[in-house]
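Engineer: Assemble the whole structure, with the sequences as input and the hints as a guide.
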Amino acid sequence: NVLGGIFARENNYHNCLLVNEKKSVVEALNGNLFLVKGDRIKTPPLTDGALNGITRKQLVNMIKKLQEYNFEEVSISPFELQKADELFITNVIVGIQPISKYRKKEYTNTVAKDLLAKLNAKARLG
1 NVLGGIFARE
11 NNYHNCLLVN
21 EKKSVVEALN
31 GNLFLVKGDR
41 IKTPPLTDGA
51 LNGITRKQLV
61 NMIKKLQEYN
71 FEEVSISPFE
81 LQKADELFIT
91 NVIVGIQPIS
101 KYRKKEYTNT
111 VAKDLLAKLN
121 AKARLG
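Per UniProt numbering, the very first residue in the sequence shown carries number 1; after that it's consecutive.
Hints are supplied without guarantee of correctness; some may be wrong.
In silico lysine to aspartate or glutamate, DMTMM-like type, Cα no more than 20 angstroms apart, as pairs [what the hints assert, rightly or not]: (1) K42 to E80; (2) K65 to D39; (3) K101 to E80; (4) K42 to E73; (5) K42 to D114; (6) K118 to E86; (7) K122 to E68; (8) K105 to D85.
Pair by pair, the computed Cβ-Cβ distance ranges are [to be verified]: (9) E72 to K101: 18 to 26 angstroms; (10) E80 to Q58: 22 to 30 angstroms; (11) F79 to A123: 29 to 37 angstroms; (12) N70 to K23: 33 to 41 angstroms; (13) A123 to K23: 33 to 41 angstroms; (14) I93 to A121: 15 to 23 angstroms; (15) E73 to A123: 18 to 26 angstroms; (16) E21 to K122: 32 to 40 angstroms; (17) K113 to V74: 18 to 26 angstroms; (18) E73 to S100: 23 to 31 angstroms; (19) T108 to K64: 17 to 25 angstroms; (20) T47 to A121: 30 to 38 angstroms.
Because the hints were derived from the structure by calculation, they are not lab data. Every residue, glycine too, gets a C-beta built ideally from N, C-alpha and C.
Structural biologist: Written as structure tokens, this is what we have:
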């Protein structure tokens, strides 16, 4: 993470995605990565090296109960990122943070906003 942070700073990036030895995307510098394509939501599995973050756990449990989305914990290649409809990062500080642009691709944030609203409602209701 330290080298990723230096790389991001030196290149004027807001964040940096980390890959494992198999070249699968694992997470961002500041949280867990989620990818949206249609009604499918994917996140890298813990076995790929993703951290078992608190917000990640809460979001995964919630998504699995929602009928409007299909959830998968699978390895994600860097090429899939540019085919995605949305990308977002989760952590305990911001909850869900949409990624607006990766390389030259710009993303929507409809699903991220929907999930954040549902996560906030769940937190209020307990």
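Engineer: For a quick check of understanding: which of the numbered hints are violated here, in increasing order?
Structural biologist: 12
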